[in-house]
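Colleague: If you want the building blocks of each chain, they are given just below.
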Amino acid sequence: MFDMGKRGSRQEESVADEFEKDRFGAPAPGVAAPRDARPGVRVREAAIIGPSIQIEGDLRGDEDLIIEGKVSGAIHLGEHALTIGSNGKVKADVYANSVIVDGSLEGDLYGYERVAIRKGGSVKGNIISPRVALDDGARFKGTVEMDQSAVDSAFGRTGQRPSGGSSSAASGQNAASSGSRPSGVAATPPTAAKAPEVAAASGGSGKS
Amino acid sequence: MLGDFLAPLTANGPWAVLDVGPFSNATMNVFRPLRCRLGVADALEALAAEGQREKPDPTLYRYALREHLPVDPERPWDRVLLWGLLDYLPDAMLAALMERLSPALAAGARLHAMIMSPGRAVPATPLVYALLDLQRADVVGPVESGGTVATARRDMPQRPGALPGLQVEQSRLHVDGRHEVILRPVAH
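Protein chains in written order, with our numbering: chain A, 1 to 208; chain B, 1001 to 1188.
Pulled out of the complex, with its shape left as it was, chain B reads as follows:
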């Protein structure tokens, strides 16, 4: 499924890919021969910390997103990696995230999410995913963890719905409990 998501990048470039989560050298190594523009927001840890507030505050979420997720609608993204975000961010922040990201999506853009099964334990320090090749991605970190937390208790149909303006194009449940989802903007 990841192969379907990335296949267009192997031709007719240049393309632009945004990784919202932590930087991974392995991911960059996979994209390097494709000569694409790779954005690394490294925003997950900061946003997850912001999202732990007891009371959701969309205004503060928007402020945090402005700081950690710079976007330029004149340089839109063709592919966006949302790995781990749906495990750690509350719904209100995911909504604010899409509000910020939507204007910076290219026509035909697709987003790829990795989600752990509801209620499974994940490291308190957000997971780091990396591309192993153009077909596979896996968890490569964190090396040290400050304990574990349960993933957000949303079931599968609800989670993609937490991203307004997107709909599920493909979905796959892996044996290790991960859901892999390809999303596309509804309006496109």
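Isolated chain A, as found in the complex:
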């Protein structure tokens, strides 16, 4: 249905470099390091939604994903990484372990580990993640929630961090994405899956 070709999801510059070094600093199952990889920067394969592809509905996956096309609905990648490429246009709430935005995103962005918006990237919505990095030249309008308890609440977790490799414990997104999922990326029609609420954990009132 759409371009399921694979390509390295190496993020090459700026704030994303720090990402990659952290995420891929140690060899992990399923991670491939090409011969031309730079020291300290590993490359792993990711599914690609190409620039001519348009998807409406929920999109779920158990692997990294790069979006260069248009997606609207919701994106659930559990403990995997999402990259919205420079051609990518996404109108969706996004749930992933880490998210890098090179293109444009309208919607709330839940990054369990990290979120980065690169120069030229644009986000209109709320970011809920303990680590947020935005390049100079990135456009952002919304709220950044960096409190870990709010992040845990949004992901339906109670303080435990991903152990790396165990997808069931950390795939999260409350009950919306629990249960076994087919490997790979699947586009499904919109469902009643409820986006996690973060308001309860945000606090911020009543102090003087």
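These aren't lab readings, by the way, just hints derived from the structure by calculation.
Don't take every hint at face value.
[To be verified] In silico EDC-like links for lysine to aspartate or glutamate, alpha-carbon gap of 16 Å or less:
id: 1; chain 1: A; residue 1: K141; chain 2: B; residue 2: E1045
id: 2; chain 1: A; residue 1: K70; chain 2: A; residue 2: E106
id: 3; chain 1: A; residue 1: K141; chain 2: B; residue 2: D1042
id: 4; chain 1: A; residue 1: K124; chain 2: B; residue 2: D1042
id: 5; chain 1: A; residue 1: K124; chain 2: B; residue 2: E1067
id: 6; chain 1: A; residue 1: K141; chain 2: A; residue 2: E106
Start from chain A and add chain B according to the hints.
Modeller: Relative to chain A, chain B alone:
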């Protein structure tokens, strides 16, 4: 003075901070370790453009503010950064701004404004301020400017008065011509 404004954020969180002006990565980097909720309205440029109408129209101002300054009274703000707004926005729009913002201020909220001296030239594209640390903020942009405009010709006592429902708590004139002002809601 900025240190006094931000000092409470270093303890007893979580806190919520709203930056009405343009987004700055430097500002976010300062707030990051505080684990607070940071709102970025990025509203100044759009509001300044709207405010350039020859005839003030509060109805249109309110419409623009609804679009560019989303607020939720159930998630109020403890600190609000109004950097540059008093240089570019007409009184009627500042009044509309406070009308919209007031219900979304937490008890004990404080607002921080940076104002250039009356009549000084500022870039036509609104200034971008950023926090350098918890004690200092400075102008970091715009990189390109479409010329300059004079700041609103209000003298210092009048400018904070242009924000209805607020009163000056602290004020400082810097050598570079900037006024730094901490405001608090009168009713609180």
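Colleague: Which earlier hints turn out false for this structure, listed by number in ascending order?
Modeller: none
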